[in-house]
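*Asks:* Protein chains in written order, with the numbering used here: chain W, 1 to 360; chain H, 1 to 128.
Be aware that one or more of the hints could be misleading.
In silico lysine-lysine, DSS-like type, Cα no more than 30 Å apart, as pairs [stated by the list, open to error]:
#1 W:Lys206 <-> H:Lys120
#2 H:Lys99 <-> W:Lys206
#3 W:Lys181 <-> H:Lys19
#4 H:Lys19 <-> W:Lys183
#5 W:Lys172 <-> H:Lys120
#6 H:Lys97 <-> W:Lys206
#7 H:Lys49 <-> W:Lys181
So, partial list: chain W residues that the calculated Cβ filter (under 8 Å) puts toward chain H [said to hold, decoys possible]:
#8 Arg149
#9 Glu160
#10 Ala163
Since the hints were derived computationally from the structure, they do not count as laboratory data. Using N, Cα and C, we set each Cβ at its ideal position, and we do this for glycine too.
Next come the chains, spelled out residue by residue.
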Amino acid sequence: MLSILLAVLALIIAGVSVYFGSELLRENILGFLGTNTLPPQFEQQLTDIVVGQGIITIATFLVVAIFIVILLENMVIKPLKLLSTTIQQFGSGLHAVDIPDSKGAPHEIDHIFETFATMAKHVEEARSRDEEMSRIKSDFISTAAHQLRTPLTGIRWALEAMAKEPMDEGKKAVVADALEKNKQLIQIVRTLLDVSAIESGRYNYKFEPTSLPDLVTKTIEQLQEHATRQQVTVRYTPPKYSPDVKADKERLRWVLINLIENAIRYTPPKGSVTISLEPTRDRVFISVHDTGIGIPDHERHNIFERFYRGKEAAKMQNGGNGLGLYIARNVVRDHGGDLDFKSNEAGIGTTFFFSVPVAT
Amino acid sequence: MAEETERTVLVVEDDPILKNLLGNTFSGRYKAMYAGTGVEAIQYLEEYKPDIILLDLMLPEMGGFEVLEQIRAREDELKNVPVIVISNLSQESDQEKAKALGANDYMVKAEVAIEEITSKIDTFFQEA
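Pulled out of the complex, with its shape left as it was, chain H reads as follows:
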């Protein structure tokens, strides 16, 4: 149990309410960090070296696609951090683009229960 709280999740989400709701669910399970913009996401990635990233797509300053692109183009070990895209964009083209850019998974925000997100994260941690 103690080991599990060590895991760091970087949540990239610009909507404060959704951020809080995720935060409440994650508290006690993971160490969660929050970035509200794409630029912050990159900054926190370097600073906290998270074990997994939950990435929204429509973000201020720098969009999620570009964040993803930048992560996968890195030359350090952070390049391979698992990224779960969680966005309300549901068009096939968006999902394909995200996968092509290296997203490990794609969830349509409104269509998943919050518990599905945590179990998805846990699955990644178990595999790691």
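For reference, chain W alone in the conformation it holds in the complex:
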């Protein structure tokens, strides 16, 4: 395309220069002879010369143009096209591709080829390193799950068996405490494995139309005992109508459990936790409000970090491990939303909120 354009352009330039050239020549001759007209035979000869010269000039221009075009085509355009195809191939899979031969191309083009080859090699190396890391991580998850959980299972089952034996109240309490601590450890292992799974991209979501009001109701039922123990009132009025959302039921329930459990955990006795659902046309907004200890502004950016625990939160020995919000935010983001919160200065409470898209 470019070549044809160049050829046509060369032709036009040649034509125009011959035309103006011949006019100039004619005027010069007339001026030299001091007349206005030439005898007819001179006029004829002059025309012949001009036309002959014109043809030679145009032909020369054309040959040169064609030569340039061919040269351009072979030395620049072809190699660049080849490179562009190769880049496309590489881009679609990031797998090693054969770098085409750039022999005969000018040094600059050759340099582009070399640069691309080097880059492709680095990218390819990074990709396989990435795959290797992901494999190691997955192996680690399986190994850790097995190595840590097997002894924890033994302790759990042994304590459970022991708890059924007749014994005095004091001993019973000791066994119950041990069992509680054992369960905490099991929970931590579970959370760590969840984090590893999230980070290695191994969470396979199953999105399906999900009723949020049902999910919230069930979650609250599940946490009611915890709330009663903490003397926290959980309030929730389901909306009259709420469209199904596109969600992974189990994962979303996990997020709700974490947010509501957190809210209960950090709310002093006699306080309350309020859950509200607000359906709009495209999304359903969910918020969990508590009257708890609040999150100071300077901790705003840290609380979603892995293992981070607020200063006040860390003082409370309540089973928090600094991972819940990190995972929750990741899960919400994978649902196409974001998890955020508003909090007044410590003591007045916190509201966590996010939204999920309506199922189509």
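Chain W is already provided as a structure; the job is to place chain H on it using the hints.
*Replies:* Using the frame of chain W, we list chain H on its own:
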């Protein structure tokens, strides 16, 4: 009651302590047989024709997935024996794989109380 002790549970578990703990809980409730490897599991399956199998996944000699595969590929009536996978592998992919291979249920070992296992077994027996 007498009828219930007739039921045979094949426990496939390589950890001796977990095996004992399960054994103590099962004694008096079911007739329990124990296999410590995948190969043993297949052998005992044929020998004792259990009513249900509790199957661990990470086993020496032959893994639990393969045991499951072999059971479901059988051509006799043992093919349909209910299998509850009870493993400490909790990745979704493992659970899906087990279900796809024909596991009737999947429990993450550390996360269930021993009583939950017996009530799960009882549920299967009631349905049978």
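*Asks:* Decide, hint by hint, whether the structure agrees.
*Replies:* To see whether the hints hold, each was checked on the structure:
1. At most 30 Å may separate the alpha-carbon atoms for a hinted pair to count; Lys206 of chain W and Lys120 of chain H meet this at roughly 26 Å.
2. Of the pairs offered as hints, the one joining Lys99 of chain H and Lys206 of chain W holds, with about 16 Å between alpha carbons and a cut-off of 30 Å not exceeded.
3. At roughly 23 Å between alpha-carbon atoms, Lys181 of chain W and Lys19 of chain H fall within 30 Å of each other, so this suggested pair holds.
4. Annotation: proposed proximity of Lys19 of chain H to Lys183 of chain W holds, straight-line Cα distance about 20 Å (limit 30 Å).
5. Using a Cα cut-off of 30 Å, the hinted pair Lys172 of chain W and Lys120 of chain H holds, with the two alpha carbons roughly 27 Å apart.
6. Between the alpha carbons of Lys97 of chain H and Lys206 of chain W the distance comes to roughly 15 Å, so the proposed pair stays at or under 30 Å and holds.
7. Our distance criterion of 30 Å between C-alpha atoms is broken by Lys49 of chain H and Lys181 of chain W, whose separation comes to about 40 Å.
8. The criterion of a C-beta within 8 Å of any C-beta in chain H is met by Arg149 of chain W, whose closest approach is roughly 4 Å, and the hint holds.
9. Annotation: Glu160 of chain W was flagged as interfacial toward chain H, and the flag holds, the nearest CB pair being 5 Å apart, inside 8 Å.
10. Among the interface hints, the one on Ala163 of chain W is violated; its C-beta lies about 10 Å from the nearest C-beta in chain H, farther than the 8 Å criterion.
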